[in-house]
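Number of protein chains: 2
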Amino acid sequence: MRSRPWRSASAIPVRAARPWQSERDTVTPRVPQALPSPSVPWGPYRPKAFEGEVVPFRVTAFREGHDRIGAQLRLFSPSGDESLHRLVALEDGFDRWEAEVALLEQGVWRFRFEAFADDFATWEHAASLKIAAGVDAALMRELGAVLFDGAGAEKSRPAAQRGVLAGAARLLRDPTVDDVEALATVEDPAIAEYFRERPLMSLVTLGDDLDLLVERERAGVGAWYEFFPRSEGAKRLKDGTIKSGTFRTAMKRLPAVAAMGFDVLYLPPIHPIGTENRKGRNNTLDPQPGDPGSPWAIGSEAGGHDTVHPDLGTLADFRAFVRAARAEGIEVALDLALQAAPDHPWVTEHPEWFTTLPDGSIAYAENPPKKYQDIYPVNFDNDPDGIRAEVLRVVRHWIAQGVKVFRVDNPHTKPLQFWEWLIREVNTADPDVVFLAEAFTRPAPLQSLAAAGFQQSYTYFTWRNTKTELEDFLSGLAHDTADFLRPNLFVNTPDILTEYLQFGGRPAYRIRAAIAATAAPTYGVYAGYELYENVARPGSEENIDNEKYEYKLRDWAGAVERGDSLAPYIAQLNEIRRAHPALRQLRNLSVHWSDDDAILVYAKHLEAAVSPDGRADTVIVVVNTDPHSVRQTMVHLDTRVWGVAPGEPYEVEDLVTGARWTWSDHNYVMLDAFTEPVHILHVKEQR
Amino acid sequence: MRSRPWRSASAIPVRAARPWQSERDTVTPRVPQALPSPSVPWGPYRPKAFEGEVVPFRVTAFREGHDRIGAQLRLFSPSGDESLHRLVALEDGFDRWEAEVALLEQGVWRFRFEAFADDFATWEHAASLKIAAGVDAALMRELGAVLFDGAGAEKSRPAAQRGVLAGAARLLRDPTVDDVEALATVEDPAIAEYFRERPLMSLVTLGDDLDLLVERERAGVGAWYEFFPRSEGAKRLKDGTIKSGTFRTAMKRLPAVAAMGFDVLYLPPIHPIGTENRKGRNNTLDPQPGDPGSPWAIGSEAGGHDTVHPDLGTLADFRAFVRAARAEGIEVALDLALQAAPDHPWVTEHPEWFTTLPDGSIAYAENPPKKYQDIYPVNFDNDPDGIRAEVLRVVRHWIAQGVKVFRVDNPHTKPLQFWEWLIREVNTADPDVVFLAEAFTRPAPLQSLAAAGFQQSYTYFTWRNTKTELEDFLSGLAHDTADFLRPNLFVNTPDILTEYLQFGGRPAYRIRAAIAATAAPTYGVYAGYELYENVARPGSEENIDNEKYEYKLRDWAGAVERGDSLAPYIAQLNEIRRAHPALRQLRNLSVHWSDDDAILVYAKHLEAAVSPDGRADTVIVVVNTDPHSVRQTMVHLDTRVWGVAPGEPYEVEDLVTGARWTWSDHNYVMLDAFTEPVHILHVKEQR
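If you read the protein sequences in the order shown, they are chains A and B.
According to numbering that gives the first Met the number 0, the first sequence is numbered sequentially starting from 0.
According to numbering that gives the first Met the number 0, the second sequence is numbered sequentially starting from 0.
These aren't lab readings, by the way, just hints derived from the structure by calculation.
All figures in this text were calculated on a predicted structure; none of them were measured in a lab.
It is possible that some hints are incorrect.
Each pair may be met inside one copy or between any two copies, as identical chains are not told apart.
As the list claims (entries may be wrong) - Derived pair list, reagent style SDA-like, types lysine to any residue, alpha-carbon separation capped at 20 Å:
1. K370 <-> V134
2. K369 <-> L182
3. K370 <-> A136
4. K369 <-> H124
5. K242 <-> G151
6. K370 <-> R395
7. K370 <-> A131
8. K403 <-> R14
9. K242 <-> S474
10. K370 <-> H124
11. K237 <-> L103
12. K369 <-> A136
13. K551 <-> L565
14. K369 <-> V402
Same shape as in the complex, but just chain A (with noise of 0.2 Å):
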């Protein structure tokens, strides 16, 4: 037998529903229902979830007066498995109503909400209120009796429970049997959840049939690691110049990178740099003989988007180094920069996919008043079809070499329609691709591209370092945009050194790696960073001797055995994050409360009927976010998330010391940001 597609604790056996008649001359349906969930306010793009998301479906819906209605959630897997799970109401007062669904198959599911009269539920609520109170006692137990008869007819149901019901039925009848101990057969659980799972429907009304995407695992899950590999295995030669690393070398690093737990290595662009107007060291304009550029000013006369830079080697040793990472069980991801060196063969053969200026030159990228005099930006408006064909050979051609990932360079300033066709294209295709947007942009624009295709955004993460802030971010990324935006929680990249890192001290960076790697399932760290690298270029908010302009040789070894390195840190974090699945969820994360300014505290659960093992798993992350000082104060849980009651205790292992505490719902806690800035308290099971 195929296994189920999905895990829930909401499923109940598949039947078919057979709508009311509603009237056609409304928009309202007889049971209305409003705001489905998953869904996406930017426009009529599909929301998404990747393989093993537990993903909340919700829907608002209610009926006139005061009987009960009941909700449920009609699934269609990929592969056609068809399933049925009920909805539980929120209870919130705002009429919401959810089942929780792992989904463990790739591609689009279809899925419904119907509503309908609960006639158990109405019964069953005023018949035990006027049996107690002794009004009209006979006549609600005749009216159950005619439910109860009209269930136990019901072909579908176990005989077992057909049994039951016409045995309780033939009892609300009794005349023998006292309002007592009929009241007992009125409220029995048993019968409770035979109607639960095949409820007596009245009023059937069933809403859209909606669409969702779900993605790959690597899509909403990972450890991303970025180094450039002209630095990963340079060296300075006699004369004081430095001989580019190449992919050859940078190989040598990846067992490293693997023994630190990471999952995605992500590499600037490979590709030729351009020679004219070519940046120098910490962005100058004139480069001194063996300054390498940037990466990003692509394309020279040894090739454009789909070559090798001769310096790193060739496309085979580029497939050797895909192949060598995967052996480590990293996958490579590629930067996918759109825009074009000078001397990048696209100028000469298409320069219609740039802009011409009246003076017969092509405009360079700039920020008025500011050029950037070694990129061209393209023109993505002059020749589209011709464009578009370019960028999908390039994007083929680099999938042809073993490479599923692309982080988007700067994809905010390309039309947002382009990469709605891109990702659509390429993943119809190969729907194992996955694009990362890096887009720091304003909010509309940085979500629609997560709308309209990106598997994965940066966010504004690296800005968001107060407890306050951290509360409504990390919130609003697992329960305001999660059903289309997937963050990465990048700590730093070549282009963002926070002043919170330069000025925080170490302490900065294990805060800054504990709450990435615990807050979201996916976050990324750019090689430095675990050397505590926290000098930015006076004025800026890069490093200094930035590695985009020169090469950066790092003693990683000596470092660990110098005790300078955080990379030990980060292993653990990555075991941790292997260990926990609640930590490779999106939308579990709870917010919950101290009584200090800085000492955050958020939780991540999954239950145990959507968890992989079977068992349920809780971590309670507490942060002192201020890096420079020692905190005491009282956190306060609402331990209900993790089916503790309040006032209740349980046993808490910190998972990076290894001590243990008996907690509750109010609990002291220390946090030393010299030593243990954060606690990762895992919640273990109760008896």
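Starting from the known structure of chain A, fit chain B onto it as the hints suggest.
Okay, now just chain B, sitting in the frame of chain A:
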């Protein structure tokens, strides 16, 4: 020449927009648009406005990169008037664009947003920065000349504009003109205005065609009064019994209602009252002889919903009452309560409109275990067509008597679908008919009833009494739900006497009336409020000796004479509402600040361009919401809302007391709840 059916500061000459040939294979347009409003979140319902309402039309629009975009709104009035309005960027970081338009014609309007690359704005931005910085000056001048040439050749531009543009192009190209002088042309505000009116558009993207229903002014604006006609002119006879008031005696009260300034007079049900299981005084189950019963227990052998209670007079008397009211400038609103007393003619003629129980009896209304034995609820599912036809017949019957306003009792206990059908059916034949929903229920059904068609809704106003509650509540009404829900802020009803009124003393009555009358364009008062009737039936939120179950004899004139009546203050409030068009708008409320936790501050502002008399109108309301105190504090105002720069002085006049002050953005106030708990300040127009 027919006058325009709109007022707006954003109107520009109508021109056809040729859409850019969007690729047909994406759902993303070239210039993305999202979240157009007015809109309704609850389903495929039409947003609405009232005649004269100033509607903010908004859309999110953006494009890739740094080039500037523009957006315009194309409006088609029901009679076919086409207009074009330039949107302005709200500059809030969310890529939101807006144009405010006052809509002056009843019926279904069509609107569409059009977004485009604004080629002039892109050039102007780059040219002004680059020429000033000495970068590419010649190139930028030539690019501008090319743009001006193109615009100067447009036949639709006034000849004078074309001449200026051609001259500017020549100047930009003139080598004897230096860059400083050329820069003046680039930044010439007259030229910018030419391009604001007739932008140079490329990549034009048309949004969807959307609908907006504009209803008559009374659907959105009015002061309501409620009285029981049986009480008005009722007399205590010598034997102690009370003789019912009639339409003829109640008519005598109309001049006083008109003198208080009310526009609508709502009458509780005027139909025969059931005798079976009639309720006695104070909702008791043992009525005494002479107890008139609840008007909501509709129907007896004297007739049902299409009949007048014999005690009140005849149908001809009712028509005379409606005429007399109209002569006083007052519309009569009737109650539509779809339920029946056990002796209603429906019960014998159409038992299928009710629920028959297994014992053959008809089900009473209930809220288990409570039963309401004086009322049978209608079952809308047994014979939906029959019920529809009957209710439509009843409503049309009263329309034929001159009634165009209905207050609908408990619409949330009847199918939403039914209301959508009924209101559409009635409004198709008579678009002037207004339905007010008395739906004191959860937000989803309450808002859905408004979305599905109700012109007005009772709200949670009576239960929003503190400063922070009112800030959120009033702001929500004006900005979150105004596209589909129009509040009617009744200060009290026969069912609602809140603790705030029970225990707040006379100041509470003044405070709540002032807020209701100024915060929303429609509000209401149930008779007795002006006499400070504040004693509740113990344990309930209703008046004791409730008028629902008995006649009330009130000494209106005596109370005024003794200075014991709020009527003069209410009259003053209604006079202020008539004099100030800003108070007759829903969406123009802005919340401001005070340092006191009970001092509420809000303002209503109307721009001159959208005001009926062409003059701006601003009213600032400052309320001491604590009826037990004298409070003094500073209030802090964002005076930019009414066009005053921060720190600038302006004159205000208290419309209640006539006091005048010079105000600024920070002002001292002292509000004595026992004398004048509310400032209603008019901002004097600036010269």
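Against the structure, the hints come out as follows:
When the C-alpha separation of K370 and V134 is checked against a cutoff of 20 Å, the pair qualifies only between copies, where the shortest distance is 9 Å, while the shortest distance within a copy is 84 Å. Taking identical chains as interchangeable, the C-alpha atoms of K369 and L182 lie at most 20 Å apart only when they sit on different chains, with a minimum of 18 Å there against 80 Å within one chain. For the identical chains of this complex, K370 and A136 are inter-copy neighbours only, at 13 Å across copies versus 85 Å inside a copy, given an alpha-carbon limit of 20 Å. When the C-alpha separation of K369 and H124 is checked against a cutoff of 20 Å, the pair qualifies only between copies, where the shortest distance is 13 Å, while the shortest distance within a copy is 71 Å.
With identical chains, the CA atoms of K242 and G151 are never at most 20 Å apart, being 82 Å at best within one copy and 59 Å at best between copies. Neither within a single protomer nor between protomers do K370 and R395 lie at most 20 Å apart by alpha-carbon distance, with minima of 32 Å and 72 Å respectively. For the identical chains of this complex, K370 and A131 are inter-copy neighbours only, at 14 Å across copies versus 81 Å inside a copy, given an alpha-carbon limit of 20 Å. In the homo-oligomer, the alpha carbons of K403 and R14 never lie at most 20 Å apart, since the shortest distance is 40 Å inside one protomer and 48 Å across protomers.
In this assembly of identical chains, the alpha carbons of K242 and S474 never lie at most 20 Å apart, being 46 Å within a copy and 65 Å across copies at closest. In this homomeric assembly, K370 and H124 come within 20 Å of each other (Cα to Cα) only across copies, at 14 Å, whereas the closest approach inside a single copy is 72 Å. Taking CA atoms no more than 20 Å apart as the test, K237 paired with L103 passes in neither setting, with 56 Å inside one copy and 84 Å between copies. In the homo-oligomer, the alpha carbons of K369 and A136 lie at most 20 Å apart only across protomers (13 Å), although the nearest pairing inside one protomer, at 84 Å, exceeds that limit.
Taking identical chains as interchangeable, the C-alpha atoms of K551 and L565 lie at most 20 Å apart only when both belong to the same chain, with a minimum of 18 Å there against 81 Å between chains. Taking identical chains as interchangeable, the C-alpha atoms of K369 and V402 are never at most 20 Å apart, the minima being 35 Å within one chain and 69 Å between chains.
Hints 5, 6, 8, 9, 11, 14 from the earlier list are contradicted by this structure; the remaining hints agree with it.
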